[in-house]
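Engineer: Using the sequences and the hints given, assemble the complete structure.
One letter stands for each residue in the lines below.
Protein chains: 2
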Amino acid sequence: MTREGSRRQRRGERGGLKQLPWRNYRNPYRPLEVLNSDQLEAIHEASLRILEEIGMDFLDEESLGVLRQAGAEVEPGSQRVRFDRGLVMASVGKAPAEFTLHARNPAHSLTTGGTHVNFGSVASAPNVSDLDRGRRPGTFADYCDLVRLCQSLNIVQFISGYPVEPADLPPATRHLDAHYAAITLSDKLWHPYSLGRQRIADAIEMICIARGIDRDELKRSPSLFSIVNSSSPLRLDGPMLQGLMEMARAGQAVVMTPFTLSGAMSPATIAGALAQQNAEALAGLAFIQIVAPGAPCMYGGFTSNVDMKTGAPAFGTPEYVRAALAGGQLARRYRIPYRSSNACAANAVDAQAAYESEMSIWGAVMGHANWLLHGAGWMEGGLVASFEKMILDAELLQMMGEFLQPLVVNEDTLALDAIREVGPGGHFFGAAHTLARYESAFYAPILSDWRNFETWREAGALTADRRANALWKQLLAEFEPPAINPTMDEALKSFVERRKREGGAIAA
Amino acid sequence: MTREGSRRQRRGERGGLKQLPWRNYRNPYRPLEVLNSDQLEAIHEASLRILEEIGMDFLDEESLGVLRQAGAEVEPGSQRVRFDRGLVMASVGKAPAEFTLHARNPAHSLTTGGTHVNFGSVASAPNVSDLDRGRRPGTFADYCDLVRLCQSLNIVQFISGYPVEPADLPPATRHLDAHYAAITLSDKLWHPYSLGRQRIADAIEMICIARGIDRDELKRSPSLFSIVNSSSPLRLDGPMLQGLMEMARAGQAVVMTPFTLSGAMSPATIAGALAQQNAEALAGLAFIQIVAPGAPCMYGGFTSNVDMKTGAPAFGTPEYVRAALAGGQLARRYRIPYRSSNACAANAVDAQAAYESEMSIWGAVMGHANWLLHGAGWMEGGLVASFEKMILDAELLQMMGEFLQPLVVNEDTLALDAIREVGPGGHFFGAAHTLARYESAFYAPILSDWRNFETWREAGALTADRRANALWKQLLAEFEPPAINPTMDEALKSFVERRKREGGAIAA
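Residue numbers (the working numbering), protein chains in the order written: chain A, 3 to 510; chain B, 3 to 510.
Honestly, the hints are just simulated from the structure, not real lab data.
Any given hint could turn out to be false.
If chains are identical, the list can't say which one is meant, so a pair holds when it fits in one copy or spans any two.
Lysine-lysine pairs mimicking DSS-like chemistry, simulated, CA-CA at most 30 Å apart [said to hold, decoys possible]:
hint, residue 1, residue 2
1, Lys20, Lys311
2, Lys475, Lys311
3, Lys221, Lys502
4, Lys495, Lys96
5, Lys96, Lys20
6, Lys311, Lys96
7, Lys221, Lys96
8, Lys221, Lys495
9, Lys475, Lys495
Small disclaimer: the values here were computed from a predicted structure and weren't measured.
Structural biologist: Right under this line is the structure:
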């Protein structure tokens with residue numbers, strides 16, 4: 003990094019973009035509750051009945067053995083598992099209420115649970131989009147550019163997964179290149195996929211090298227988190243379960259997230275979808291704690307609804323917001339950190355993209371989500387990672403981050419002397435109280451354009467999507483990768499080369 | 003109205019647009035509080051000190067006389083009034099905590115205060131804009147079209163003022179034409195301006211004719227509300243005060259709204275801006291209650307901040323949200339209904355317009371605003387009423403209105419039988435539980451497009467602003483004015499003609 007670059011970093015800036023400094027966010031507000039205590043208990047009770055009476059399919063023989071041994075009822079000749087509520091609650095009770103994930107750069111470590119709020123990037127989109135090049139399948143070059151943007155934007159506190167799938171890389175070794183790029187282009191937390199045991203094992207090796215620690219130390223100070231989605235309704239597939247076990251045994255965090263689209267993969271009522279979400283989440287969380295008692299984990303909520311006429315998934319809807327808030331209530335009931343999302347179904351970076359994302363973000367933050375997945379760049383219900391949407395979302399998240407700062411009320415901020423000095427009919431522009439706060443009085447946006455119409459029109463009448471287009475290009479042009487110890491870099495490279503020679507995740 | 007038209011109305015539809023039915027909204031959630039009780043009291047205390055020590059200018063001799071008589075301290079030879087806190091609190095204590103405003107169509111009457119939530123249109127923009135005709139000064143034709151849209155959209159529950167200023171009409175008689183159009187093109191609540199006594203007196207006559215009642219009955223069942231803005235800092239001008247007195251004495255509602263832009267008309271700290279807002283609001287509310295004890299009134303909050311570099315007003319910012327929430331806490335402290343706004347500073351119906359409006363709406367609704375002014379159509383910090391923005395906002399308000407509906411949790415919605423029927427790995431599309439809810443399971447948007455990218459692109463790749471453009475044209479094409487008794491219509495016309503012959507508001 004150049005001297006100018008590091009000076010910028012100390013000022014909380016990246017390149018020429020004036021943005022909020024890196025901060026660890028806490029939610030100072032009371033969570034918004036959509037369920038009264040009777041309703042919360044009714045959903046809890048329904049989910050336990052689902053696990054007792056209907057059960058859940060675990061499509062993995064090893065997992066079935068672990069569950070049988072722990073006392074779950076595995077239906078003979080099938081993969082159906084029924085859980086006694088005592089087993090579920092005793093297991094879930096072993097999960098930590100709060101834990102810290104350790105980034106390569108310790109300044110970028112994050113704590114989840116309690117009142118902590120952490121914002122992550124888009125993840126897992128098959129396609130990528132920007133206004134210049136249009137919509138197209140993702141490549142490793144796009145992946146790297148999006149990782150660079152994640153690193154550049156302070157409000158993107160962790161990388162939620164592959165921002166876009168680098169589909170031009172061979173599947174068996176893709177994770178090696180992707181993780182190497184995440185480690186070297188960024189110094190923030192990143193996510194390996196629970197697609198079989200081998201990919202997780204490789205990720206564990208790589209983060210140990212990057213942090214210069216062994217597996218014991220990694221277990222004590224975890225770095226990795228991995229999303230495990232149930233194949234709703236009521237099913238967990240084999241590769242996910244294998245990855246889950248590898249993560250949990252290594253003491254790394256599993257985010258158990260049912261994907262319960264109401265009307266498709268769950269009932270066409272939010273209460274029913276939540277009961278099913280909770281059943282699947284509890285089954286997954288209990289399994290994690292059976293595999294590795296005390297392992298860090300999170301409760302993921304991803305209930306939304308479909309358009310009943312077409313079956314198209316919808317996000318940021320009133321139903322989505324209610325489910326996000328209820329999910330927080332459920333997670334808090336079990337004292338487990340809560341993961342939510344910034345989801346939208348829009349096809350363009352237009353008003354719809356903004357309002358659906360705002361609805362999702364408000365639902366997440368008011369629901370006291372601790373871990374906001376897909377926070378920046380997610381579009382089309384997850385089918386696209388958009389460069390412009392990432393900038394738009396960075397603005398939305400920054401505004402929310404600023405809103406989470408406590409309001410200061412004291413003699414100085416109440417400003418009676420300034421009000422007295424200015425007096426009725428006066429103006430505060432020139433007041434000493436105002437001038438002393440000129441630089442930092444208010445939130446300074448990155449994307450919003452507050453110029454008057456005439457000035458805005460003369461400057462090209464650029465809508466927010468076009469302004470976002472200029473901003474991500476600026477960030478990429480000014481990007482400087484974070485420092486890395488050359489010995490570690492060499493060790494990482496050697497590891498990647500060796501594992502590629504071995505064929506990568508051939509047994510996935 | 004045609005038979006088809008009235009059938010559509012019974013179905014809660016207008017024209018071909020499937021929208022939410024007319025509803026009276028209640029806020030089922032706990033208000034979000036940004037101030038702890040000590041901070042709330044500190045702001046309250048600071049505002050009382052402002053009124054005691056600094057005072058406020060009342061630019062109207064009659065008002066000064068009323069205040070002097072009530073025991074306020076009017077500085078000799080000036081218009082400066084200082085208020086003893088006992089006088090302020092005793093007067094404000096006379097305001098009703100809740101009241102109903104009666105529309106020409108009783109089905110469109112609205113109650114404010116408590117947990118009631120009511121959504122209004124844009125008001126008072128000098129310019130109008132749409133994608134076809136661009137941005138231009140408002141005309142009476144635009145005014146009428148916007149009133150038609152307010153009538154057509156169920157979620158627009160009241161007309162907040164002139165949606166756009168009909169600048170092509172003569173100022174002295176403009177209010178007569180504007181009110182006649184509001185009464186006949188709509189049957190919802192509307193707003194006369196407190197610009198002198200005469201305009202208010204005319205509006206009172208017109209609503210009495212339209213409702214077929216006399217002034218005594220109007221006093222018992224008020225219909226009108228009028229915004230009174232202080233000329234911040236700490237000043238109330240003469241025409242506003244004259245209008246205020248005419249409204250209060252007739253038992254009509256005054257919405258006392260300081261316009262305290264932090265950094266310009268109030269201190270560059272939100273705490274200071276709130277202290278000043280509260281001082282001005284309390285002074286105005288106390289004055290209303292001194293003029294007419296028990297008269298309906300509302301506490302208006304309109305604190306936002308300026309861009310410190312340019313002085314440009316900003317809306318929907320983190321500071322704006324905090325101020326909206328704090329304003330609600332202050333209004334509830336005095337048990338007075340609370341007015342907030344859906345404000346944005348965007349120059350186009352783009353992502354910025356949507357996210358600034360979402361921030362404003364969330365701040366208002368979580369702050370338990372009872373009366374949302376500028377709810378639909380407001381742009382550019384109030385300089386423009388936009389046809390497309392009105393459709394966009396209708397979607398945002400509908401989503402919020404739907405979010406306010408209580409979540410139903412019972413055996414039927416928990417859907418254990420459906421989950422059992424579908425089972426692990428199944429699908430809910432064809433389940434009986436789903437089919438029984440096919441029509442009404444979820445919120446159906448008016449503007450959101452949830453089709454997949456390919457279908458959306460083949461249909462023209464229309465962004466939300468362009469889709470909104472088609473929707474307002476559809477609503478205008480299908481518009482049918484609400485029924486009106488021909489005798490009343492004649493009486494209204496005669497009144498307008500007579501008052502025009504007399505010269506209108508010549509003494510304003």
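Engineer: Determine for every hint whether it applies to the structure shown.
Structural biologist: Against the structure, the hints:
1. Lys20 with Lys311: between (45 Å within a copy, 14 Å between copies)
2. Lys475 with Lys311: Between copies only: 25 Å across, 39 Å inside.
3. Lys221 with Lys502: within (26 Å within a copy, 84 Å between copies)
4. Lys495 with Lys96: neither (38 Å within a copy, 76 Å between copies)
5. Lys96 with Lys20: For Lys96 and Lys20, the Cα distance exceeds 30 Å both inside one copy (43 Å) and across copies (50 Å).
6. Lys311 with Lys96: neither (43 Å within a copy, 53 Å between copies)
7. Lys221 with Lys96: Within. Shortest intra-copy distance 16 Å satisfies the 30 Å Cα cut-off; inter-copy 65 Å does not.
8. Lys221 with Lys495: within (23 Å within a copy, 82 Å between copies)
9. Lys475 with Lys495: within (29 Å within a copy, 61 Å between copies)
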